[in-house]
Every structure is written in C-alpha cells, then in structure tokens.
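Trainee: So you can see what is in the structure, the chains are spelled out below.
There are 4 protein chains.
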Amino acid sequence: MTTALWASDGLADRLVAACGPSWRAYVDHAFVRRLGEGTLPLGAFRHYLKQDYLFLLHYARAWALAVYKSSTLAEMRKSNASVKAILDRETGLHLDFCRSWGLSEADVEATPEDDATMAYTRYVLEKGMQGDLLDLVVALAPCAMGYAEIGRRLAASDNSKNPYRAWIETYGSEDFAGVARGVADEVDRLWKVRANEGRFDDLAKTFDRATRLEAAFWQMGLDAP
Amino acid sequence: MTTALWASDGLADRLVAACGPSWRAYVDHAFVRRLGEGTLPLGAFRHYLKQDYLFLLHYARAWALAVYKSSTLAEMRKSNASVKAILDRETGLHLDFCRSWGLSEADVEATPEDDATMAYTRYVLEKGMQGDLLDLVVALAPCAMGYAEIGRRLAASDNSKNPYRAWIETYGSEDFAGVARGVADEVDRLWKVRANEGRFDDLAKTFDRATRLEAAFWQMGLDAP
Amino acid sequence: MTTALWASDGLADRLVAACGPSWRAYVDHAFVRRLGEGTLPLGAFRHYLKQDYLFLLHYARAWALAVYKSSTLAEMRKSNASVKAILDRETGLHLDFCRSWGLSEADVEATPEDDATMAYTRYVLEKGMQGDLLDLVVALAPCAMGYAEIGRRLAASDNSKNPYRAWIETYGSEDFAGVARGVADEVDRLWKVRANEGRFDDLAKTFDRATRLEAAFWQMGLDAP
Amino acid sequence: MTTALWASDGLADRLVAACGPSWRAYVDHAFVRRLGEGTLPLGAFRHYLKQDYLFLLHYARAWALAVYKSSTLAEMRKSNASVKAILDRETGLHLDFCRSWGLSEADVEATPEDDATMAYTRYVLEKGMQGDLLDLVVALAPCAMGYAEIGRRLAASDNSKNPYRAWIETYGSEDFAGVARGVADEVDRLWKVRANEGRFDDLAKTFDRATRLEAAFWQMGLDAP
Chain A
0 MTTALWASDG LADRLVAACG PSWRAYVDHA FVRRLGEGTL PLGAFRHYLK QDYLFLLHYA
60 RAWALAVYKS STLAEMRKSN ASVKAILDRE TGLHLDFCRS WGLSEADVEA TPEDDATMAY
120 TRYVLEKGMQ GDLLDLVVAL APCAMGYAEI GRRLAASDNS KNPYRAWIET YGSEDFAGVA
180 RGVADEVDRL WKVRANEGRF DDLAKTFDRA TRLEAAFWQM GLDAP
Chain B
0 MTTALWASDG LADRLVAACG PSWRAYVDHA FVRRLGEGTL PLGAFRHYLK QDYLFLLHYA
60 RAWALAVYKS STLAEMRKSN ASVKAILDRE TGLHLDFCRS WGLSEADVEA TPEDDATMAY
120 TRYVLEKGMQ GDLLDLVVAL APCAMGYAEI GRRLAASDNS KNPYRAWIET YGSEDFAGVA
180 RGVADEVDRL WKVRANEGRF DDLAKTFDRA TRLEAAFWQM GLDAP
Chain C
0 MTTALWASDG LADRLVAACG PSWRAYVDHA FVRRLGEGTL PLGAFRHYLK QDYLFLLHYA
60 RAWALAVYKS STLAEMRKSN ASVKAILDRE TGLHLDFCRS WGLSEADVEA TPEDDATMAY
120 TRYVLEKGMQ GDLLDLVVAL APCAMGYAEI GRRLAASDNS KNPYRAWIET YGSEDFAGVA
180 RGVADEVDRL WKVRANEGRF DDLAKTFDRA TRLEAAFWQM GLDAP
Chain D
0 MTTALWASDG LADRLVAACG PSWRAYVDHA FVRRLGEGTL PLGAFRHYLK QDYLFLLHYA
60 RAWALAVYKS STLAEMRKSN ASVKAILDRE TGLHLDFCRS WGLSEADVEA TPEDDATMAY
120 TRYVLEKGMQ GDLLDLVVAL APCAMGYAEI GRRLAASDNS KNPYRAWIET YGSEDFAGVA
180 RGVADEVDRL WKVRANEGRF DDLAKTFDRA TRLEAAFWQM GLDAP
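Line order of the protein sequences matches chains A, B, C and D. For what it's worth, numbering that gives the first Met the number 0 labels the leading residue of the first sequence as 0, then goes sequentially. For what it's worth, numbering that gives the first Met the number 0 labels the leading residue of the second sequence as 0, then goes sequentially. For what it's worth, numbering that gives the first Met the number 0 labels the leading residue of the third sequence as 0, then goes sequentially. For what it's worth, numbering that gives the first Met the number 0 labels the leading residue of the fourth sequence as 0, then goes sequentially.
Hint data in this document are derived by calculation from the structure and do not stem from the laboratory. Do not rely on the hints blindly, as some may be mistaken.
[To be verified] Here are the simulated DSSO-like pairs of lysine-lysine, each with C-alpha atoms no more than 27 Å apart in a straight line:
1) C:LYS191 x D:LYS204
2) A:LYS204 x B:LYS191
3) B:LYS77 x C:LYS77
4) C:LYS83 x B:LYS77
5) D:LYS83 x A:LYS77
6) A:LYS77 x D:LYS77
7) A:LYS191 x A:LYS204
8) B:LYS191 x A:LYS191
9) D:LYS191 x C:LYS191
10) C:LYS77 x C:LYS191
11) C:LYS83 x B:LYS83
12) A:LYS204 x B:LYS77
13) A:LYS191 x B:LYS204
14) D:LYS77 x D:LYS191
15) A:LYS83 x D:LYS77
16) C:LYS204 x D:LYS77
17) B:LYS191 x B:LYS77
18) A:LYS77 x B:LYS204
[What the hints assert, rightly or not] Ranges of calculated distance between the beta carbons of each label pair, as one might list FRET restraints:
19) D:LYS191 x A:PRO40: 40 to 48 Å
20) B:GLY91 x C:ALA3: 32 to 40 Å
21) B:GLU36 x D:ASP174: 54 to 62 Å
22) A:PRO40 x C:GLY19: 33 to 41 Å
23) B:GLU168 x D:ALA6: 52 to 60 Å
24) C:ASP222 x D:ALA73: 37 to 45 Å
25) B:ALA29 x A:ASP87: 50 to 58 Å
26) A:PRO40 x D:THR71: 30 to 38 Å
27) A:GLY91 x C:GLY19: 32 to 40 Å
28) C:GLY181 x A:GLU36: 55 to 63 Å
29) A:ASP157 x C:GLY19: 47 to 55 Å
30) B:ASP174 x D:LYS191: 48 to 56 Å
31) C:ALA155 x A:GLU36: 52 to 60 Å
We treat Cβ as the ideally placed atom computed from N, Cα and C, and that holds for glycine.
Please construct the entire structure, taking both the sequences and the accompanying hints into account.
Mentor: Shown next as structure tokens:
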C-alpha cells in the first residue's frame with residue numbers, strides 16, 4: 000500500500016477534484032501514455048526535453064518570486080529549496096539527460112522558446128505577481144503534483160525495456176513524491192492561514208488554467224516537427 | 000448629526016480600533032492641533048506642503064499598482080479614480096496651494112525627498128507588491144481615513160480667522176469624506192471576499208505601521224528647519 | 000501625402016525593421032485582408048471582438064503598471080492617459096460596438112478567455128514587471144503601432160459598403176494615429192535616455208514576440224468555431 | 000600590498016566617488032570607529048545585531064527579487080548564491096553570534112523592526128521592483144561594498160583585545176572581500192550591457208540614498224535605548 004501523494008482534506012485535493020476534466024487531460028495525456036508504453040517518438044521526447052529546460056529557467060524565477068513574496072524565514076527557506084534544486088541540480092541533470100539523448104548543451108540553449116512554454120511560464124509568474132503567495136503557489140502546484148502522480152503510476156509497471164525508464168524513475172521516486180507533497184502541503188497551509196471560501200472559485204480557475212497549460216505542454220511535445 | 004465616516008462593522012473600523020495609540024498619535028498630532036488653532040509656524044506648513052507634493056507622486060504610483068492588482072473592471076475603475084484625481088487634479092491644486100503660500104512650482108519640484116516621505120511611500124508600495132490587493136489597500140487606507148477624520152473635526156470649529164482654513168475645508172468637505180468612505184468600503188469588501196481571521200494580525204500590523212508613518216510625516220513638518 | 004506614423008530615426012522604427020517577417024505576418028494577416036475586403040465571416044469578427052474586450056482589461060492593467068514604473072509626473076500622465084482611455088471610454092465603446100453586432104454585455108463578459116488572449120497579455124505584463132519602463136513600453140508598442148498602420152491602409156480604400164467600416168474608421172482616424180505616434184515617441188525617448196546598444200537584441204526579441212502574439216490573436220479570430 | 004576591493008574603472012567605483020560625503024558618513028561613522036576601537040557600548044552593538052537579523056530577511060527577499068529579474072541562468076545563479084548564503088548560513092551564524100552576546104533566538108525574533116531597518120529594506124526592494132536588474136543591484140551594492148571597506152580597514156589594526164574582533168574578522172576576511180567584489184563586478188557588467196550615460200544621475204541618486212540609509216542604520220545602533 001502506498002501513501003497518498005497529498006492530504007485528502009486540504010485545498011490541493013479540492014483543486015484537483017474541481018478541475019477534473021483538465022486534470023485527466025493532463026495526467027492521462029497521449030504523450031504520457033505513450034511515454035509509459037515506450038512508444039513515444041524520440042523526436043517528440045527530444046522536443047519536450049529542450050522546452051522543459053527553458054521552462055525550468057522560468058520555473059526557478061517563479062520560486063524566487065515566492066521567496067520575495069514570503070513573510071517568514073520558514074516560508075523563504077521552503078521556496079528557496081526549489082530555486083536551489085533547479086539552479087544547482089536540475090538544470091545540470093537536465094543537460095546530462097539531454098546529452099544522453101543526443102542533444103548537446105549548445106543545442107538545448109539555442110532552442111527558441113515554444114509558444115506553449117512561454118504561455119505557461121508567463122501565466123504563472125504574472126498570476127503570482129498580481130496576487131499573494133497563495134495565488135502563486137496554487138499556479139505552481141499542478142506541475143509537481145501532476146508529475147508525481149504520473150511518475151508513480153508509470154513506475155508501477157515493468158519499465159525494464161522502456162527507453163524512457165530514467166524519466167519514469169525520476170518522477171516516480173519517493174524523493175519526487177516528497178517534493179510534490181511539500182508543494183501540496185504549502186497550498187493547504189496558506190489556504191488555512193490566509194483565505195476564505197470566497198477565493199475558492201478564483202483559485203480553482205488558476206489551478207485549472209495551469210493544469211490545461213501543462214496538457215498543452217505535452218501536446219507541444221507530441222506535435223514536434 | 001453627521002454620518003459616520005466609515006461603516007462600524009467592517010475591517011476598516013476594526014483596524015482603527017486595533018491600532019488605537021498609533022491612530023491617536025496620528026489624528027491628534029501636535030502638527031494637527033496647531034494647524035487647527037492656526038498657530039502652526041508657516042515654515043512647518045510649507046515644509047509639509049512640499050513633501051506632501053512628493054508624497055502624492057508615489058501615492059499615485061501606489062493606486063496605479065492597485066489597478067494592476069485588480070481582478071475586475073469595477074476594481075480597476077475604483078483605483079484608477081484615485082490615480083486620475085491625483086495626476087489630473089490634486090497635483091495641480093497642490094501647486095496652486097503652494098503658490099498661494101509663496102512656493103513656486105520650481106521650488107516644490109526641486110525639493111529633496113525627506114526621509115519620512117521616502118519611508119512611508121516605499122513601505123506602502125512594497126507591502127502592496129508583496130501581498131495582494133487587500134494588503135495594498137490596507138496600507139493605503141490610513142491616509143484618506145485619517146485626513147477625513149482630522150478634516151471633519153477641525154472643520155467643526157470656526158476657522159474664519161485661521162490662515163489654514165483652505166486646507167481644513169478641503170479635508171473637512173463632504174467630498175473628501177466620500178473619498179475616505181470609498182477606501183474604507185473597499186477594505187471592508189476585500190476582507191469579506193478574500194481573507195480569513197488568520198490574516199487579521201498581519202493586516203493590523205500593516206495598518207498600524209502606515210498610521211505611524213503618517214504621524215512621522217506630521218513630525219517631519221513640525222521639525223522643519 | 001500623409002505623414003509617417005512614427006519617426007524614422009528612432010528605436011520604434013528600428014524594431015519594426017528588425018522583426019520584418021513577423022511584422023508583415025501581423026499587419027497583412029488574412030484576418031486583416033478579409034476585414035478590409037468586407038469578406039471576413041461574421042463569426043470570426045464576433046469572436047475577435049469578445050476576446051478583444053478581455054484583452055483590453057489586461058491592457059489597462061499593463062498601462063497602469065507603466066504608471067507604477069514611471070519616474071516623473073510627465074511619464075505617469077502619459078501612461079495614465081491610456082489607462083483612462085481604456086477604462087472610461089474604450090470598454091464602453093467596445094460594448095456598444097459588440098451590441099451593434101448582436102452581442103450583449105452579458106455575452107461578452109461571460110466569454111472564457113482564449114489561450115491566445117491569455118498568452119499575449121501575460122507576456123506583456125510579465126516582461127514589463129521583470130524589466131524597466133522601456134521593456135514594458137516596447138512590449139506594449141506593437142498593438143497601437145500595428146493597428147494604426149492597418150487602419151490607415153484599410154481606410155485608404157472605399158469602405159462605404161464594407162460592413163466593418165466603423166472598425167476601419169476608428170483605427171484609421173488621425174486620432175488613433177496620434178495615439179500610436181505617442182507610444183512610438185515614448186519608445187524612442189526611453190531608449191535615448193536609458194539604454195545602450197547592448198540592449199537592442201533583447202528589445203527586438205520582445206517586440207518580435209509581441210508582434211507574433213498579435214498575429215496569433217488574428218488567427219484566433221479566424222479559427223473561431 | 001592589498002588588491003583593490005573593486006575595479007577602478009567601472010560604474011561601482013564611479014558611484015562611490017559620486018556620493019563622497021554620504022560614503023564617508025557611512026564607512027567612517029562613529030559606530031564604526033568605536034567598534035574598531037572596542038569602545039562601542041554593548042547595548043548599541045546588541046541593538047544593531049538584532050536589527051541586522053531582521054534586515055537580513057528582507058535582504059534575502061531582495062536577492063530573490065534579483066533572481067526573478069534575471070535574464071540568464073548565470074545571472075540567476077549569481078543572485079541565488081546570495082539568497083542561499085543568507086538563508087542557509089548567515090541567519091544561523093547571526094543567531095549564534097547573538098547568543099554569544101547574550102541574546103537568545105527568541106529575543107532576536109521578538110524584536111520589533113526599527114524604522115531605520117524598515118526604511119532601508121523597503122527602499123531597496125521597491126526601487127528594484129520599479130526598475131530593472133541594474134537599478135536593483137545598484138541599490139543593493141552599498142551594503143556589501145561598504146562592509147568590505149570597513150572590515151578591511153578595521154582588520155588592519157591589532158584587534159586581539161577588541162571585544163568585537165569576530166565581527167571585524169568576518170567582514171575583514173578575503174572571503175567577504177570576494178563577495179563585495181562580486182557585487183561590484185555585477186554593477187559594472189550590467190552598466191556596460193544595459194545602460195547609457197543618461198542613467199548615471201539616477202543610479203547615483205539610488206546609490207547615494209542606499210548609502211545614507213546604511214549610515215542611518217549605524218546611527219540607529221548608536222541611539223539604542
């Protein structure tokens with residue numbers, strides 16, 4: 000028996016439930032299914048990888064914005080853990096990963112930003128700047144939460160022959176589940192200390208939009224030239 | 000019988016009550032009392048006027064930030080009414096007023112920003128950027144609310160011989176009472192639609208700090224060289 | 000002989016030249032051509048109109064951000080003229096216009112924001128927040144500059160039988176040419192007082208991206224269900 | 000012979016020269032001189048220490064804002080090095096240091112923020128948000144640059160009997176000189192790639208204001224109750 004990825008009685012879980020169709024379109028996207036079956040065309044995966052690297056840079060900016068928006072040392076440290084993970088570790092791992100798929104660092108860095116990458120990252124950053132830390136963390140949450148759900152599901156199969164098993168192992172790991180839980184916990188906590196029910200619809204709209212932008216990101220991979 | 004300047008059952012009124020000593024130090028400041036008695040030294044008033052002009056420019060920036068932070072057309076229009084009032088009317092009136100006290104436009108514009116002016120305006124702008132529209136409007140509120148309370152009290156006396164009667168008439172007018180009520184209503188409304196009790200202490204701290212920075216602004220006038 | 004819409008020796012003109020293919024794809028888009036010929040399907044125009052209303056709300060937020068980012072009263076007034084024009088006049092005109100095309104205010108306000116509308120507006124807002132006033136005004140400029148170029152060109156034909164002549168007259172008017180010139184002049188001025196040649200590539204990328212997002216906005220109209 | 004703390008031909012050095020009187024009032028402040036002589040009252044030092052801890056939290060927010068404002072991975076990493084240093088190391092060292100002077104963590108955290116601390120930190124944050132990365136780094140620079148100059152000068156004397164020698168060793172170390180040089184180099188680099196001479200007066204005003212706010216911070220220590 001595995002533990003749930005996030006608490007069942009907090010805002011994060013309510014947000015997933017409230018955006019049901021968008022959530023399923025994201026976590027069960029054809030890109031994800033074919034990645035799990037190992038039938039995803041390599042061109043699609045490579046296109047995704049390059050864009051995901053560009054995504055990471057803005058994602059780090061968004062977590063840095065969360066540090067700026069924090070009110071306590073504990074909040075700052077929590078968000079800066081994500082900034083550090085991205086800048087000090089994930090960008091490097093990502094480039095290693097790209098290399099193992101035949102993409103040099105120069106290839107990756109010369110990649111023009113796709114419209115889907117741009118739309119998603121700027122939406123999150125702008126929503127977070129306009130609102131408070133809760134608005135920002137809700138816009139950030141579908142990424143980690145969805146990847147953890149996808150990773151766990153795909154990791155439950157035998158991937159020994161799947162060319163994408165390294166990706167599946169990364170996002171299916173207990174480490175990554177912990178990252179996602181941390182984000183969901185922060186969503187739950189900020190909701191309790193800051194918001195009232197009057198904000199739920201607006202937060203659900205933010206979560207839904209970010210979730211749909213994640214699905215569009217998979218689609219961009221699938222549509223790779 | 001006069002109507003209350005703001006509703007007695009909303010957040011605005013609770014904030015005034017929560018920062019009692021700071022509020023009294025602001026609305027009953029020696030600068031205010033002597034202005035009401037007509038015994039305020041002219042140098043103090045002139046110094047205040049020049050700094051208040053510089054204050055207005057940042058105050059307009061803060062209301063423009065409120066437009067940026069808005070979610071609906073109605074919210075945008077409400078905040079932009081303040082931006083327009085300042086940029087299109089009050090800066091001009093202020094310069095006329097300065098001229099009537101022997102200060103040319105050039106004198107006013109060449110005035111270096113006093114520390115008290117800087118501290119107050121940047122605190123409001125920064126708090127508003129870090130938080131949401133409610134945080135911003137709470138930081139902005141002591142200015143209009145306090146001036147309306149002061150204006151109404153001073154206007155209740157006979158000011159026919161008070162050299163500062165034009166100032167008293169401006170802030171003691173029903174027009175200005177309406178401006179203050181509009182700001183207090185917006186504080187009350189945003190609290191109801193966005194926040195829970197967990198934010199009260201933090202909002203009270205913001206309101207208290209802005210109130211103390213208003214008192215420091217009077218003191219700066221009184222300490223004029 | 001008509002005067003040029005903007006100065007030929009400033010940054011604005013250099014930016015248009017630097018993004019040639021994107022600029023042409025924007026100002027000569029099939030949506031524009033068919034609008035000029037009066038052959039644009041009504042469904043496409045209506046979809047565009049509704050999204051353009053939603054666009055306007057964020058566009059007002061972006062000009063309010065420019066007021067916040069200003070350093071002088073003159074800069075603030077220039078940007079607030081755009082905020083006022085949108086909030087006090089254009090949103091109303093837009094709704095009148097929509098009504099004349101059979102769209103009620105309720106229809107317009109209930110319209111969900113299209114991805115193209117979202118991507119464009121958030122890009123501009125986020126770029127402007129990350130950078131300085133010059134970055135922001137460069138991201139805002141393709142809208143007014145391009146509409147003025149389109150309006151002037153289409154207005155040069157006989158539109159007496161064109162169902163879209165009101166639209167063409169609005170953007171082909173001398174008034175609107177003045178608005179576009181004001182924006183281009185501000186781009187030119189800020190470049191001279193703030194930037195060096197080292198920023199040109201980055202600013203050209205911003206201008207190009209905003210221009211491509213304008214073209215995608217036309218395409219969204221054309222692709223209307 | 001010691002190497003210069005920063006390059007003599009860049010913007011950072013020009014800014015120090017341009018704000019001469021403010022710079023001297025900061026680096027030669029009575030608080031600094033008495034700290035160097037070991038005659039500073041312990042109460043003054045303790046008050047400074049507690050406020051400096053509160054300062055650090057906002058200083059981390061400002062460097063996180065610099066990450067948000069960055070355009071390249073290299074820029075992000077440079078600013079995040081400061082965020083990490085503060086959140087992961089300096090806040091802890093600071094609390095250790097406070098403990099060694101008889102101040103518990105609870106004492107420090109319960110300290111109300113002094114006006115001087117507030118004014119300085121919010122000025123830097125707000126200036127950085129309004130402008131670009133160069134404006135922000137210029138507002139941040141006097142802190143590290145001045146402490147390095149002070150530390151090096153005080154460390155040149157025999158401090159074996161000075162009760163404040165740990166403080167002097169920290170800021171007089173080659174490590175800290177490297178930190179200050181890194182900040183000054185970033186000021187110099189951003190100036191070269193982004194700005195023209197038209198911005199110099201404005202940047203000098205920012206640097207001067209931040210420098211004067213540093214001097215006011217020392218004075219706050221000296222004025223401790």
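Trainee: Evaluate each hint against the coordinates.
Mentor: To see whether the hints hold, each was checked on the structure:
no.: 1; hint: C:LYS191 x D:LYS204; verdict: holds, 19 Å
no.: 2; hint: A:LYS204 x B:LYS191; verdict: holds, 19 Å
no.: 3; hint: B:LYS77 x C:LYS77; verdict: holds, 20 Å
no.: 4; hint: C:LYS83 x B:LYS77; verdict: holds, 12 Å
no.: 5; hint: D:LYS83 x A:LYS77; verdict: holds, 12 Å
no.: 6; hint: A:LYS77 x D:LYS77; verdict: holds, 20 Å
no.: 7; hint: A:LYS191 x A:LYS204; verdict: holds, 19 Å
no.: 8; hint: B:LYS191 x A:LYS191; verdict: holds, 15 Å
no.: 9; hint: D:LYS191 x C:LYS191; verdict: holds, 15 Å
no.: 10; hint: C:LYS77 x C:LYS191; verdict: holds, 17 Å
no.: 11; hint: C:LYS83 x B:LYS83; verdict: holds, 8 Å
no.: 12; hint: A:LYS204 x B:LYS77; verdict: holds, 24 Å
no.: 13; hint: A:LYS191 x B:LYS204; verdict: holds, 19 Å
no.: 14; hint: D:LYS77 x D:LYS191; verdict: holds, 17 Å
no.: 15; hint: A:LYS83 x D:LYS77; verdict: holds, 12 Å
no.: 16; hint: C:LYS204 x D:LYS77; verdict: holds, 24 Å
no.: 17; hint: B:LYS191 x B:LYS77; verdict: holds, 17 Å
no.: 18; hint: A:LYS77 x B:LYS204; verdict: holds, 24 Å
no.: 19; hint: D:LYS191 x A:PRO40: 40 to 48 Å; verdict: holds, 45 Å
no.: 20; hint: B:GLY91 x C:ALA3: 32 to 40 Å; verdict: holds, 34 Å
no.: 21; hint: B:GLU36 x D:ASP174: 54 to 62 Å; verdict: holds, 60 Å
no.: 22; hint: A:PRO40 x C:GLY19: 33 to 41 Å; verdict: holds, 34 Å
no.: 23; hint: B:GLU168 x D:ALA6: 52 to 60 Å; verdict: holds, 58 Å
no.: 24; hint: C:ASP222 x D:ALA73: 37 to 45 Å; verdict: holds, 40 Å
no.: 25; hint: B:ALA29 x A:ASP87: 50 to 58 Å; verdict: holds, 55 Å
no.: 26; hint: A:PRO40 x D:THR71: 30 to 38 Å; verdict: holds, 31 Å
no.: 27; hint: A:GLY91 x C:GLY19: 32 to 40 Å; verdict: holds, 38 Å
no.: 28; hint: C:GLY181 x A:GLU36: 55 to 63 Å; verdict: holds, 57 Å
no.: 29; hint: A:ASP157 x C:GLY19: 47 to 55 Å; verdict: holds, 54 Å
no.: 30; hint: B:ASP174 x D:LYS191: 48 to 56 Å; verdict: holds, 52 Å
no.: 31; hint: C:ALA155 x A:GLU36: 52 to 60 Å; verdict: holds, 58 Å
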